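Dock chain W against the given chain B, drawing on the hints supplied.
Residue numbers (UniProt numbering), protein chains in the order written: chain B, 1 to 674; chain W, 1 to 674.
Since the hints were derived computationally from the structure, they do not count as laboratory data.
Worth double-checking, as some hints may not be accurate.
Remember, identical chains collapse to one label, so a pair may be satisfied in a single copy or spanning two.
[Said to hold, decoys possible] DMTMM-like cross-link-like pairs, simulated, lysine to aspartate or glutamate; straight-line CA separation at most 20 Å: (1) K56 with D550; (2) K613 with E31; (3) K190 with E626; (4) K623 with D34; (5) K56 with D74; (6) K353 with E524.
Note that the coordinates shown come from a computational prediction; the quantities given were computed from them, not determined experimentally.
Protein chains: 2
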Amino acid sequence: MNVLAVLAPVSAVIALIFAYGLSSWIGKMDEGTDRMREISGYIREGAMAFLRREYKTMAVVILVLFLVLGFGIDWLTAVLYVFGALFSVLAGYCGMRVATKGNVRTASAAMSGGMNKALKVAFRSGAVMGLCVVGLGLLGIGGVFVLFGVESASVITGFGLGASSMALFGRVGGGIYTKAADVGADLVGKVEAGIPEDDPRNPAVIADNVGDNVGDVAGMGSDLFESYVGSIISAITLAVVMPSIKPTFGYEFDLPPLAGSVFPLVLSAIGIIASIIGIMCVRGNEKSNPAAALNAGTYISSAIVVVFSFVLSWVFFANFNCAIAIIAGLIVGIAIGKLTEFYTSGDYKHVKKISEQCQTGPATTIISGFGVGMLSTVWPIIMIAVGILVANAFAGLYGIALAAVGMLSTTGMVVAVDAYGPVSDNAGGIAEMSKLPKEVRMITDKLDAVGNTTAAIGKGFAIGSAALTALALFASYSQLAGLESISLLEPMVIAGLFIGAMLPFLFSALTMNSVGKAAYQMIEEVRRQFHCDAGIMEGTCKPDYARCVDISTKAALKEMMAPGLLAIIAPMAVGIIMGTEALGGMLAGALSSGVLVAIMMANAGGAWDNAKKYIEEGHFGGKGSESHKAAVVGDTVGDPFKDTAGPSINILIKLMTIVAVVFAPVFVAIGGLL
Amino acid sequence: MNVLAVLAPVSAVIALIFAYGLSSWIGKMDEGTDRMREISGYIREGAMAFLRREYKTMAVVILVLFLVLGFGIDWLTAVLYVFGALFSVLAGYCGMRVATKGNVRTASAAMSGGMNKALKVAFRSGAVMGLCVVGLGLLGIGGVFVLFGVESASVITGFGLGASSMALFGRVGGGIYTKAADVGADLVGKVEAGIPEDDPRNPAVIADNVGDNVGDVAGMGSDLFESYVGSIISAITLAVVMPSIKPTFGYEFDLPPLAGSVFPLVLSAIGIIASIIGIMCVRGNEKSNPAAALNAGTYISSAIVVVFSFVLSWVFFANFNCAIAIIAGLIVGIAIGKLTEFYTSGDYKHVKKISEQCQTGPATTIISGFGVGMLSTVWPIIMIAVGILVANAFAGLYGIALAAVGMLSTTGMVVAVDAYGPVSDNAGGIAEMSKLPKEVRMITDKLDAVGNTTAAIGKGFAIGSAALTALALFASYSQLAGLESISLLEPMVIAGLFIGAMLPFLFSALTMNSVGKAAYQMIEEVRRQFHCDAGIMEGTCKPDYARCVDISTKAALKEMMAPGLLAIIAPMAVGIIMGTEALGGMLAGALSSGVLVAIMMANAGGAWDNAKKYIEEGHFGGKGSESHKAAVVGDTVGDPFKDTAGPSINILIKLMTIVAVVFAPVFVAIGGLL
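For reference, chain B alone in the conformation it holds in the complex (with noise of 0.2 Å):
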């Protein structure tokens, strides 16, 4: 069965060579006019600058969470800690450098080739990052296993704990790097000198663009990584602490540590093949809707899942339970998926209440999305509950692990559906500040549109993924720490509870604290610039972008460090302090007010952002209403919430459990100083 596990890497090879093949397509398409060279050169520069600038500030907490691995736990897990890290910041930097190439190249096609060339050049673009994180991914996870097999159980969280880290700075320092440039050149540009989205005349228009990919790529990218990876890690490690499953539903079967950690290694194989597979499948048609061509390919990879894994089920395990809890996983996620977008699109009925109380003004706009978001989370947190119960009833803890690797496994395809969407945008972008026709900024708006709802499946699978992950996680460390029972009625535990409860409140309060803190610094700087040169304004002369764009580094390089070491440790301090069992309940209180926090704020978040565009289309007073002025209110409130602080608490709840599973040991050994 070992031999099995060869097909891990293997296929990862695949997806790499596959991303290679695309790129290098990409790099041959037309850049379009020297102005759109300049521009997308910028914005690259831009990019790369930041990423570089990123992993130098992250290259000191790696040395030291290094050493503090290599001295209290063994070398060989902070080895494969630097790898993880590593790999997160290669399938970031992949994935940008071709996001970064794709969008000009989209605005090109746009314009020379209509709607279905230009679809193509983005979402192939999207598609490298898609195969880069996957196949980095599975790389790893899989090259590790061949090497050192079920052993590899007991380090390869080592390359979790890597993932993860690079994935919380990554995810929080570009959603603070974007939300910054975007609310500065709103607020100032749009709004103060009334000059329309992507001006070249303001200053911040670079920022922003570069925003859209260091967050919205980059970011993004490592934070799937970190849910691709944890999820097949946490299986892996169940299998080989649990001997057997016993079911409530369908037969009790064993499950050896071997073909247990091997099966969704197989299973995420097959998920890489499938998702080139739909990958392929999706082009356009000048006729039908680029919906229809994205959302083909996303249930084309998912149908392929599905069936292999009633094979993989029965090859390995002689019985449908594992397949099940699969299924379980895939359904959950869809749901949340299709809920996220009834709760946050124009087409339906919360956005458009939304819209309606703009007229009353800003207050009553923020009270109504607030409500939406707070309601938004009864449905998702329902199905994920059913979830947990249905793959625990079929394959115990191991089915809840297999329930999250089920919905990761089309990773790569996700991930291309959610990138092309910030490629398209910056197309637009792009296409404004080189003032290309109308119908281009037409078709990349388009494009982009469809994103955002295409998107919507990714979000489920995020959200979704990270909650049965942590969870899964979470079975695995109170294995490691020893804690047969981690009871409630504990008092030890209680308080952990508490504490971990507060922990994603403390966070989202940094973490927007720290937008509000940039986005104030580029506030002044724009407002300076148009200030001290007339010339800006009247397009006599160029505008200093690159200070703006230095402006949000810095910030979100400073901003992202205190939100990003409280994730680690406040779970060693927690363990140090209050021992294991309170480490435990500390564990469930994040996992269970974050996911909460989560999904509210990127509901309330999209839907205020949608509430903006209905009215932008028309309704209620349309643009330059009063109506609209509260609903750009609601937007600027949203987007920390949706960018930044939100997507960071998936991450957080799982960092904070990959950190509980890695130091286990030491904990045990100090047994809490309480």
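Then chain W, alone, in the frame of chain B:
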């Protein structure tokens, strides 16, 4: 020892006699001019009419639950449930009657006797409410205990259920009433029509003043009635199930059911006497600040409780462990109160920072206030966690219950300080509407402002005691359900935890949505009146106050049902369908996320309110500036946060736990359908 239990009803009767005395004293005060009488008559009528209709609506709920309890549990519990509900009604009714007499007399006293006399009248009006709450609460529990002895432990939870369910409906209904009227009066009157606060031309002005009474007086009173009763009940039920205490610190000691039950009763009896002494010590002095007088009363009564807790602890258990648990509770309560002040008062940096952010518009105002609300959860949660651990270390789970009892023993004094604020606020409204000299309004404003600060301690006690009481009831639940452990490693418990953590979000969404709907109707009506009758604005025609009162009343009664029933039905559904362990997980989830959401909402709302006031004092542009407009948006968003959703969550978590306690035998018998 049993004989000491008699102290409870005796001191309760003393409190009620004292309340009667104060109430007669207030009745003899001068009511001022005819105009003042007329206006206060409207307010009193509106408030009383609302309460009567609310109680009539509630009668159906009470009847249904009475039958469910009678047939499902036993008839004694059912009868005590009705008594709990009736005593809660009585406390709210009597307190509010006096408050609606006190308001006009406070205004009159301010006119004739100055600050000191006004303080005396206002404070004594609040004190009647405080004494009614503790008097009726301890009369009920003490009476039951004297009649049935330790056997009462199994039925007294019925009394608590009655108090809790009335409190939730009262808080939610009152909260919706007051905020609908407030928002309606402000948005149309102040903002659109440009007339000042409490202007008699505003059709919603009477409804607004009625709202202060039904929300901030009656609602708050029933809230603290249930906290008070709930904490004592949790201590009694724990004492009966726990044979001995094995503390980490100090000696192990027996906990005989009788001594363990009588102890909290005697402690509360002393708390009542301490509150009466504290109330008598509040006497203004022309030279001193009224805040000093109020604080002196609070500190004196707390000091008496501290001294006697040592005496009682020694007399009952021959050690000081229980006293330490009580003091831990008191310290946590005071600390949370001080922290509340730090995050929500204009004297400290956070509110100043929000005010500064008002300069860049409503969006940054909302983001920063929201950030402050989230940040403000950190230290209170740590304090609660430490309080739990210290109380448990010295006196086990029983100690946690005692910490809550200790915190709430001076409830009489706390409610007096709390209720005095809205009385002063109302007095100001009457002064304005009766066109009394400006000095009168200045005095009532000063009294109101002082009340806001001193009330912070009360908020700390409300939140801290809610967490501790719910936890103690949770422990009783586990005993009654026969659960030795509620392990977070069970998927069923985790599913329950997720659902429980979601409930405060759903509950808040429902209540905020209700405020929005009710406010919308009010806005329409006020606009309609201004539009139809030009004489209203000219001051030649009297607006139709009754119609606005009617809208608030109807909306509040209709909208309070869904969130109220949710709190009763959710734990029953989870207990029946998912079983007792899942219900344990649900309660812990609701407790942890509920406390956080409650603190966040209360403090964000308070901070926005005071940021607005800070700007009105002349900072960052002062009244009428753009900053002020942004601050008004923040304040309007904060209103339903801090006065409707936030405080109701404290009751929600206790009500759900007490439902679980009462129905535990049913859930055990069913055994979970899943």
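We went through each hint and held it up to the structure:
Taking identical chains as interchangeable, the C-alpha atoms of K56 and D550 lie at most 20 Å apart only when both belong to the same chain, with a minimum of 15 Å there against 65 Å between chains. In this assembly of identical chains, K613 and E31 lie within 20 Å of each other by CA distance neither inside one copy nor across copies; the values are 30 Å within and 56 Å between. Taking the shortest Cα distances, K190 and E626 sit within 20 Å of each other both inside one copy (15 Å) and across copies (18 Å). Taking the shortest alpha-carbon separations for K623 and D34, neither the intra-copy value of 33 Å nor the inter-copy value of 53 Å comes in at or below 20 Å.
Taking the shortest alpha-carbon separations for K56 and D74, neither the intra-copy value of 25 Å nor the inter-copy value of 69 Å comes in at or below 20 Å. Taking the shortest alpha-carbon separations for K353 and E524, only the inter-copy value of 17 Å comes in at or below 20 Å, while the best intra-copy value is 35 Å.
Consistency note: the structure conflicts with the earlier hints numbered 2, 4, 5.
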